[in-house]
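Undergrad: To convert a position in the sequence shown, counted from 1, into our numbering, add 9.
Careful, some of the hints might be misleading.
[As the list claims (entries may be wrong)] List time: in silico SDA-like cross-link candidates among lysine to any residue, alpha-carbon distance up to 25 Å:
| # | residue 1 | residue 2 |
| --- | --- | --- |
| 1 | K61 | W23 |
| 2 | K61 | G34 |
| 3 | K61 | W73 |
| 4 | K61 | A29 |
| 5 | K61 | Y19 |
| 6 | K61 | F28 |
| 7 | K61 | V17 |
| 8 | K61 | P45 |
| 9 | K61 | L31 |
| 10 | K61 | F33 |
| 11 | K61 | T26 |
| 12 | K61 | V30 |
| 13 | K61 | A46 |
| 14 | K61 | S96 |
| 15 | K61 | G15 |
| 16 | K61 | W49 |
| 17 | K61 | I72 |
| 18 | K61 | P32 |
| 19 | K61 | Q36 |
| 20 | K61 | A35 |
| 21 | K61 | R50 |
| 22 | K61 | E39 |
| 23 | K61 | L18 |
| 24 | K61 | A75 |
| 25 | K61 | Y77 |
| 26 | K61 | L94 |
Treat the hints as calculated values from the structure; they're not laboratory data.
Predicted model, so just to flag it, every value in this text is computed and none were measured.
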Amino acid sequence: MSWFTGTVLYVLIWWITLFAVLPFGAQPEEGAAPDPASGWRGAPARPLIWRKALATTLVAALIWGAAYFLISSDWLSFRSGWLALPSD
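With these hints in hand, go ahead and build the complete structure from the sequences.
TA: Shown next as structure tokens:
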């Protein structure tokens, strides 16, 4: 895997992980009345975005490490092994 491919893979993993981490600990504003049509109460009282960005970075690094290991190993290869196309 080249450095460019690794960087793009990390950014994609980080972005997807961010959307998984954002809802953790989100509490609505105290006393905010929900919208009658949708039930939406607005933005969270304390979003803790820096803590969530740090958690996202750590989790994405672990996932990226596992992906890098699988990609660079022969366990998951399209060039040889059971996933490879038959040779002509």
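Undergrad: Need the list of violated hint numbers for this structure, in ascending order.
TA: 8, 13, 14, 26
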